[in-house]
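Residue numbers (the working numbering), protein chains in the order written: chain A, 1 to 394; chain B, 1 to 394.
One or more of the hints may lead you astray.
Copies of the same chain look alike in the list, so a pair counts if it works inside one copy or between any two.
The calculated SDA-like cross-link candidates involving lysine to any residue, where the alpha carbons are at most 25 Å apart (straight line), are [what the hints assert, rightly or not]:
#: 1; residue 1: 160; residue 2: 380
#: 2; residue 1: 188; residue 2: 90
#: 3; residue 1: 160; residue 2: 381
#: 4; residue 1: 256; residue 2: 181
#: 5; residue 1: 256; residue 2: 313
#: 6; residue 1: 160; residue 2: 313
#: 7; residue 1: 188; residue 2: 271
#: 8; residue 1: 256; residue 2: 75
FYI, nobody ran anything at the bench for these hints, they're computed from the structure.
Residue-level listing of the chains:
Number of protein chains: 2
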Amino acid sequence: MLSLLRNPPFGFKLWGGEEVATHGSRVRRWICVPDRSKLYKLLANPGLYMGEYYSDGSIQLEGDLWSFLLDIHASLVAGDRDPSLLWKLIRRPAQRRPSTPEAAKDNIHQHYDLGNEFYQLWLDKAAMQYTCAYFARPDMTLEQAQIAKLDHVCRKLRLKPGDTVVEAGCGWGGLARHMARNYGVTVKAFNISHEQIIFARERAAQEGLADRVEYIEDDYRNIQGRFDVFASVGMLEHVGPEQYRHLGAVIDRCLKRDGRGLIHTVGSNAQTPMNDWLQRRIFPGSYVPTLREMMEVFEPHFLSVLDVENLRLHYELTLRAWLDRFERHVDVIRARYGENFVRAFRFYLAGCGTAFAAGSLQLFQVVFAKPNNNDLPWSRRHLYDSYHDGERRD
Amino acid sequence: MLSLLRNPPFGFKLWGGEEVATHGSRVRRWICVPDRSKLYKLLANPGLYMGEYYSDGSIQLEGDLWSFLLDIHASLVAGDRDPSLLWKLIRRPAQRRPSTPEAAKDNIHQHYDLGNEFYQLWLDKAAMQYTCAYFARPDMTLEQAQIAKLDHVCRKLRLKPGDTVVEAGCGWGGLARHMARNYGVTVKAFNISHEQIIFARERAAQEGLADRVEYIEDDYRNIQGRFDVFASVGMLEHVGPEQYRHLGAVIDRCLKRDGRGLIHTVGSNAQTPMNDWLQRRIFPGSYVPTLREMMEVFEPHFLSVLDVENLRLHYELTLRAWLDRFERHVDVIRARYGENFVRAFRFYLAGCGTAFAAGSLQLFQVVFAKPNNNDLPWSRRHLYDSYHDGERRD
Chain A
1 MLSLLRNPPF GFKLWGGEEV ATHGSRVRRW ICVPDRSKLY KLLANPGLYM
51 GEYYSDGSIQ LEGDLWSFLL DIHASLVAGD RDPSLLWKLI RRPAQRRPST
101 PEAAKDNIHQ HYDLGNEFYQ LWLDKAAMQY TCAYFARPDM TLEQAQIAKL
151 DHVCRKLRLK PGDTVVEAGC GWGGLARHMA RNYGVTVKAF NISHEQIIFA
201 RERAAQEGLA DRVEYIEDDY RNIQGRFDVF ASVGMLEHVG PEQYRHLGAV
251 IDRCLKRDGR GLIHTVGSNA QTPMNDWLQR RIFPGSYVPT LREMMEVFEP
301 HFLSVLDVEN LRLHYELTLR AWLDRFERHV DVIRARYGEN FVRAFRFYLA
351 GCGTAFAAGS LQLFQVVFAK PNNNDLPWSR RHLYDSYHDG ERRD
Chain B
1 MLSLLRNPPF GFKLWGGEEV ATHGSRVRRW ICVPDRSKLY KLLANPGLYM
51 GEYYSDGSIQ LEGDLWSFLL DIHASLVAGD RDPSLLWKLI RRPAQRRPST
101 PEAAKDNIHQ HYDLGNEFYQ LWLDKAAMQY TCAYFARPDM TLEQAQIAKL
151 DHVCRKLRLK PGDTVVEAGC GWGGLARHMA RNYGVTVKAF NISHEQIIFA
201 RERAAQEGLA DRVEYIEDDY RNIQGRFDVF ASVGMLEHVG PEQYRHLGAV
251 IDRCLKRDGR GLIHTVGSNA QTPMNDWLQR RIFPGSYVPT LREMMEVFEP
301 HFLSVLDVEN LRLHYELTLR AWLDRFERHV DVIRARYGEN FVRAFRFYLA
351 GCGTAFAAGS LQLFQVVFAK PNNNDLPWSR RHLYDSYHDG ERRD
């Protein structure tokens with residue numbers, strides 16, 4: 001397995017003290033495996049059991065988790081060009097169930113309803129964004145970068161006062177409130193996470209935005225009405241490729257003739273298997289599309305793709321910031337959710353952060369419009385006006 | 001047919017003086033058809049015979065050709081959602097032969113070797129660009145906008161002194177010379193048009209760039225060596241979808257580990273038929289891909305898409321400018337190539353310009369990189385520095 005991984009700089013330290021590493025690799029880190037049965041399971045399905053055994057503490061990783069996972073992802077990026085059957089076996093596709101409306105409710109509940117207080121511990125205070133931030137400069141704080149992301153999205157959508165916006169998958173509602181507060185638009189925002197909707201409504205009421213932002217606890221498939229703008233930030237990962245064409249039909253139906261929209265999603269360079277553990281323990285039902293697969297949203301409905309931006313290194317910084325904050329509050333989190341949860345969540349945040357760092361995950365923002373919308377910007381220069389340099393107007 | 005076209009604002013004036021238009025449409029323009037046999041052919045295959053009969057003068061179009069073709073394209077954009085068999089019949093796919101190396105030489109010769117003097121009459125003087133210009137401001141001249149396009153491409157590629165560039169399909173060599181002159185790079189530029197290569201070499205020698213730009217009369221499939229940058233502006237349209245994966249292999253093979261590249265191409269929102277006449281008379285072997293189809297270049301080789309920009313309205317302006325210049329020199333062109341050629345070329349330029357205007361054609365610039373290239377820009381702000389406002393540094 002190690003040689004399949006291109007002689008990575010780590011090896012196995014076995015229960016009897018024996019060290020296994022590939023010849024010639026400069027081993028910097030060791031995975032300590034406690035018994036033969038766990039070793040076999042690790043070799044048979046590393047994607048699943050690395051996560052399982054790290055979470056329950058039965059394997060130990062010597063050294064820094066982030067660097068360790070970065071080495072793994074770098075090996076995977078190199079290895080995915082390997083046509084061998086053995087490689088295909090260790091990279092077998094994860095099981096996932098299609099995101100029917102029923103299953104979707106379940107899938108979303110499992111992760112997003114963990115408790116708003118939990119997420120408030122380590123997400124940005126300003127807008128509670130659980131999606132990739134936009135570090136217009138790499139020295140921005142997470143708070144600045146999340147606000148910069150919201151503005152980047154709003155500018156890409158060229159919001160103007162009076163526009164009507166529909167948002168699919170609104171999280172804790174930060175984007176919708178930001179749009180209404182700063183761009184003079186009205187927003188209908190859909191979400192099937194009960195906890196998030198409660199939070200979003202409270203915030204909107206506190207901030208005096210309740211007349212301009214409506215949070216609707218319902219599936220995106222039930223969006224009704226016609227809007228100038230469609231926005232979806234971090235929902236496509238939960239939609240599932242079998243539903244892309246239908247999502248496109250919803251978008252097409254709900255956009256006016258001069259309508260435009262944006263989808264922000266985790267993506268992939270090529271169809272590589274989702275991590276099995278992440279699929280089972282963190283994001284059931286999720287799927288990370290390639291750009292080709294995403295086109296199934298747009299092409300059947302003749303929607304015109306105007307702009308695609310890949311922000312993967314921004315997600316590395318975002319996840320690094322989340323993990324740092326998570327660790328600062330780890331005692332509180334452990335007291336409430338237990339040690340296994342802490343280890344699993346740490347493994348998930350570091351695993352995703354390093355996947356973006358190594359180039360095994362991408363972050364796409366795709367701007368699109370109705371095919372005959374000719375109200376298009378001459379250039380994207382308007383995205384880069386001054387306040388992205390860190391000055392804020394509010 | 002007119003009702004299939006959603007009651008467009010034009011109708012047929014027949015040989016006996018009879019006028020045919022759909023009820024309720026406000027007819028602004030007439031197509032004058034001289035006899036029954038031509039009417040039948042027009043109805044059976046409008047995509048082919050509109051071009052044929054316009055070129056040989058056997059049908060007359062009353063009023064402005066540009067507005068007339070704009071109406072047609074608007075009808076096509078609306079009609080392509082029509083699931084009817086009748087619609088599929090009038091929009092049947094054009095015949096094209098795959099672009100094998102042999103066929104490609106033939107296809108390219110037919111259009112691009114018409115004579116350098118001919119293209120010099122109506123392309124921009126500065127860089128002889130036969131691809132979409134970039135009107136950073138809509139009031140730029142064609143010359144300014146073509147230089148702005150070259151800089152836009154160079155900035156997207158983040159050229160730095162010492163970089164090695166390979167260009168696939170270099171036209172008259174303007175981009176390669178611009179890169180070498182202004183960005184301190186060396187360029188190997190491939191092209192199978194003999195006339196263009198002769199011109200490109202002469203210009204490079206005149207401008208003292210022959211030591212930094214090498215023009216190679218050969219197929220892109222024969223690119224050898226390793227480079228920092230791959231660039232291709234306006235070649236993919238001639239590659240053919242059956243060759244995309246192989247083009248990707250060439251790119252993957254010729255790019256260094258931190259390599260990056262750009263493909264600039266005419267594209268489409270969805271798989272709609274190429275115009276049969278254009279395929280036969282103007283661009284044999286050509287094919288206009290959707291973004292999904294373009295991914296066949298990148299995904300099999302794990303290339304990472306970083307940036308996609310759609311510049312279709314820029315191509316409307318470019319084609320309008322070309323047509324205006326063409327008409328200014330029409331007497332010279334007619335004297336050399338004859339009236340049928342003039343009418344065919346006019347129909348082609350106006351047909352494409354209006355297709356971009358109506359949203360039935362797109363123009364994609366796609367920036368990509370090797371999957372593990374982490375030398376990525378934090379934002380695209382650097383594309384929008386001052387001299388794009390029309391100031392030039394050279």
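Against the structure, the hints come out as follows:
Taking the shortest Cα distances, residue 160 and residue 380 sit within 25 Å of each other both inside one copy (16 Å) and across copies (23 Å). Proximity of residue 188 and residue 90 under a CA criterion of 25 Å is satisfied in neither setting, with 44 Å inside one chain copy and 41 Å between copies. In the homo-oligomer, the alpha carbons of residue 160 and residue 381 lie at most 25 Å apart both inside one protomer (17 Å) and across protomers (22 Å), since each shortest distance falls under that limit. Taking the shortest alpha-carbon separations for residue 256 and residue 181, only the intra-copy value of 23 Å comes in at or below 25 Å, while the best inter-copy value is 47 Å.
With identical chains, the CA atoms of residue 256 and residue 313 are at most 25 Å apart between copies only, with a shortest distance of 20 Å across copies and 34 Å within one. Within a single copy, residue 160 and residue 313 get their C-alpha atoms only as close as 30 Å, which misses the 25 Å cut-off; across copies the closest is 21 Å, which meets it. Taking identical chains as interchangeable, the C-alpha atoms of residue 188 and residue 271 are never at most 25 Å apart, the minima being 33 Å within one chain and 33 Å between chains. Proximity of residue 256 and residue 75 under a CA criterion of 25 Å is satisfied inter-copy only: 18 Å between copies versus 46 Å inside one chain copy.
Checked against the numbered hints given earlier, this structure breaks hints 2, 7; the rest are met.
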